[in-house]
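Engineer: Sequence:
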Amino acid sequence: MSKAQSQPTALGHLINNRMGLKHLAQPQESKSPAPIAIGAEPEANRFVYPILTSKGKENDFAVTIRNYNRFVKDYNHKVALENAKVRKFNKEVIRYRKQATVTTEQRVKEAIWKEEHSHLDPEAYNTAVAKYNKENGPQLRQKNVKQPVKKDSEKFFIAILHQFNMQLFKRQSLRKQLGIAHLAEIPKAEIYPNKIVELERDGYKVLPVSVETVRHHRERLEEAGVLSHYEFRGDHRAVKVRINPQILSITDNGIQKKTVSENQQLTESQTKKVPHNNVSSRGHVVNKNKIRDKGVSASAQTTIIPAEGYSGVSATAETTQFAAQGSTRSPIKQDAKNFDTGKKSGAATVKKNSPGAAPEKKFLHPPAENSTAVVEFSRKSGGDSTAVVENEKPVDKNPQSAVLTNSLIDPAYFVKALSSGKYIKYRHLEPKVFQQEAYYGAMHPDDFVELAIQDLFKFSSSIFEKLDEVHPGSWMNAYKLWIADKFKSFNGHRLNKPNIFERWGKCLEVLKEVKAYAKNHPEWYPHFPSLYFDPARTQSEHNSFEFAYRNFRLEDERVDTYKRRKINANKSLRHKTDVKKAQEKIRLWLRGKLDLQDVYDFAQHNLDRKVNEKINDLIQREWDQQFEN
Numbered sequence: 001m002s003k004a005q006s007q008p009t010a011l012g013h014l015i016n017n018r019m020g021l022k023h024l025a026q027p028q029e030s031k032s033p034a035p036i037a038i039g040a041e042p043e044a045n046r047f048v049y050p051i052l053t054s055k056g057k058e059n060d061f062a063v064t065i066r067n068y069n070r071f072v073k074d075y076n077h078k079v080a081l082e083n084a085k086v087r088k089f090n091k092e093v094i095r096y097r098k099q100a101t102v103t104t105e106q107r108v109k110e111a112i113w114k115e116e117h118s119h120l121d122p123e124a125y126n127t128a129v130a131k132y133n134k135e136n137g138p139q140l141r142q143k144n145v146k147q148p149v150k151k152d153s154e155k156f157f158i159a160i161l162h163q164f165n166m167q168l169f170k171r172q173s174l175r176k177q178l179g180i181a182h183l184a185e186i187p188k189a190e191i192y193p194n195k196i197v198e199l200e201r202d203g204y205k206v207l208p209v210s211v212e213t214v215r216h217h218r219e220r221l222e223e224a225g226v227l228s229h230y231e232f233r234g235d236h237r238a239v240k241v242r243i244n245p246q247i248l249s250i251t252d253n254g255i256q257k258k259t260v261s262e263n264q265q266l267t268e269s270q271t272k273k274v275p276h277n278n279v280s281s282r283g284h285v286v287n288k289n290k291i292r293d294k295g296v297s298a299s300a301q302t303t304i305i306p307a308e309g310y311s312g313v314s315a316t317a318e319t320t321q322f323a324a325q326g327s328t329r330s331p332i333k334q335d336a337k338n339f340d341t342g343k344k345s346g347a348a349t350v351k352k353n354s355p356g357a358a359p360e361k362k363f364l365h366p367p368a369e370n371s372t373a374v375v376e377f378s379r380k381s382g383g384d385s386t387a388v389v390e391n392e393k394p395v396d397k398n399p400q401s402a403v404l405t406n407s408l409i410d411p412a413y414f415v416k417a418l419s420s421g422k423y424i425k426y427r428h429l430e431p432k433v434f435q436q437e438a439y440y441g442a443m444h445p446d447d448f449v450e451l452a453i454q455d456l457f458k459f460s461s462s463i464f465e466k467l468d469e470v471h472p473g474s475w476m477n478a479y480k481l482w483i484a485d486k487f488k489s490f491n492g493h494r495l496n497k498p499n500i501f502e503r504w505g506k507c508l509e510v511l512k513e514v515k516a517y518a519k520n521h522p523e524w525y526p527h528f529p530s531l532y533f534d535p536a537r538t539q540s541e542h543n544s545f546e547f548a549y550r551n552f553r554l555e556d557e558r559v560d561t562y563k564r565r566k567i568n569a570n571k572s573l574r575h576k577t578d579v580k581k582a583q584e585k586i587r588l589w590l591r592g593k594l595d596l597q598d599v600y601d602f603a604q605h606n607l608d609r610k611v612n613e614k615i616n617d618l619i620q621r622e623w624d625q626q627f628e629n
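If you count the sequence shown from 1, position 187 lands on 187 in full-length UniProt numbering, and the numbers rise without skipping.
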């Protein structure tokens with residue numbers, strides 16, 4: 001059967017299939033047969049969606065194997081009869097050669113004759129031997145015409161059937177995507193010997209043989225007539241063969257089941273409509289966190305106590321007021337030792353660790369001690385001795401470190417300031433200042449971490465302006481999480497100052513990107529700081545800073561080399577060329593000059609992988625253009 005016969009008889013048949021008119025009766029013309037609809041019985045070896053069923057007592061696999069065994073049994077019986085004739089012929093030759101005297105010249109002549117006729121197949125060779133013996137007497141023996149099919153060949157035939165069934169299911173899915181439902185010839189089976197050898201089950205190979213063994217069994221099945229129409233298409237492609245239709249049992253998956261009066265559908269056959277249930281179950285969790293983060297901030301006063309500029313008495317009063325408002329931070333006790341009554345006429349100074357004063361700072365080395373002025377006395381008054389001048393003001397060798405350390409704010413007051421929106425228009429510190437401190441400063445690394453966190457939180461406060469009100473406790477939780485985990489290495493140790501500076505810079509760039517995203521997407525709302533800044537929330541569903549930190553591409557894309565750009569240009573050119581080649585094959589199929597399976601094979605083995613993946617889209621496009629014209 002030719003390839004053209006596997007195609008519909010007219011383009012209108014394809015159009016009816018595409019428009020859903022497959023079940024309508026076609027008007028019969030005088031000299032042309034009507035197109036076959038899906039509900040009709042299939043012709044010989046022509047099916048809509050052929051498959052091999054494996055369920056049920058009389059499934060296609062069982063029936064095919066039964067037919068195979070019956071066919072092989074008959075074939076082996078015929079082979080045995082033919083080989084019996086050959087053995088009878090050879091016995092006469094052997095009996096004659098034992099009685100006759102064979103000269104050396106005759107042996108050489110027979111060897112030359114065998115060499116000249118070695119290229120013949122067994123049947124032609126036996127015919128030539130019979131002719132030679134008729135002229136020279138019974139001198140040469142014949143060969144066995146055929147070899148019987150062994151029992152082990154059944155295993156290889158089953159493996160071929162499984163591969164063929166997978167190809168049929170793939171063919172069915174491709175045709176359903178295109179809406180093709182017309183009768184067509186069964187395609188050839190593609191045999192991959194390497195896949196048969198590599199097939200495993202429960203960790204063991206199903207057929208522990210070599211590729212050559214698979215080929216020998218396939219050749220034996222071809223001799224027996226189980227397989228036919230051998231087609232070799234290259235060393236790296238599958239071998240195509242056709243399974244004997246007398247052996248193969250096929251079920252057409254495209255033919256609808258017949259309905260009788262006792263078993264008819266009351267409703268139209270269609271897919272059940274499932275109610276839409278794409279409802280998020282996270283709403284109550286968000287509301288719960290929102291209530292928890294809000295707390296009592298609506299009724300709490302948001303008086304911010306600055307780090308400097310208050311006396312000890314006023315600082316104590318403000319601390320008592322903050323504690324009375326229900327803060328989770330215990331009030332800081334006053335220490336009588338911090339009041340200096342001997343040098344300043346009874347005026348109380350600010351306690352060293354009181355809220356009104358800056359907290360105690362940690363340095364890598366103590367600040368410079370009181371400097372001494374070296375006064376060289378004249379040689380007249382006392383020689384070369386030096387005098388130490390007391391009460392000289394201290395000179396700090398790292399003034400920038402001292403300024404940055406004194407700029408740190410107590411966390412309790414810092415989170416209240418963040419909650420009140422004081423830093424919405426805050427501008428971050430200059431990277432040069434951070435870099436100078438990271439490499440040359442005297443600031444303690446713990447203080448440097450707090451400086452980085454406070455600077456980032458101040459800069460990020462404008463992101464949470466959309467939220468109704470952020471409780472200070474939410475900021476405090478985020479602050480504690482970053483102190484504990486953010487600026488740590490993979491083994492849990494604190495980073496050194498240069499690495500802290502590098503991580504601070506990346507966090508700053510991420511926050512800038514987040515601000516730009518929030519500006520361009522007004523519908524986006526962040527979580528509260530305790531959730532948004534949690535380092536453990538790393539997935540896209542979490543809507544967190546950590547996900548943005550890990551996935552935002554901040555570095556500029558590197559310009560590819562000339563060689564790489566040349567390769568990409570050639571790939572683009574090949575893509576366009578392959579699309580044109582695919583379109584030519586598709587148009588041949590639409591004209592009925594090519595089989596659809598040949599189009600898929602051509603795209604798989606000759607075109608680019610991306611073109612092969614989009615072959616159905618190309619077919620659909622060409623179909624639409626053909627339909628419009």
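These are computed hints drawn from the structure, not numbers from a lab.
Fair warning: there could be bad hints in the mix.
As the list claims (entries may be wrong) - Restraint ranges, calculated between C-beta atoms of paired labels, are given here:
1. Asn616 with Asn520: 32 to 40 Å
2. Thr53 with Lys610: 49 to 57 Å
3. Glu613 with Arg70: 42 to 50 Å
Bear in mind that the values here come from a model prediction, so they are computed numbers and not experimental data.
Idealized CB from N, CA, C, for every residue including glycine.
Engineer: Confirm or reject each hint.
Structural biologist: Hint check results:
1. Asn616 with Asn520: 32 to 40 Å: Given a distance of about 36 Å, which is inside 32 to 40 Å, the answer is holds.
2. Thr53 with Lys610: 49 to 57 Å: 35 Å, violated
3. Glu613 with Arg70: 42 to 50 Å: Because 43 Å falls inside the window, the suggested range holds.
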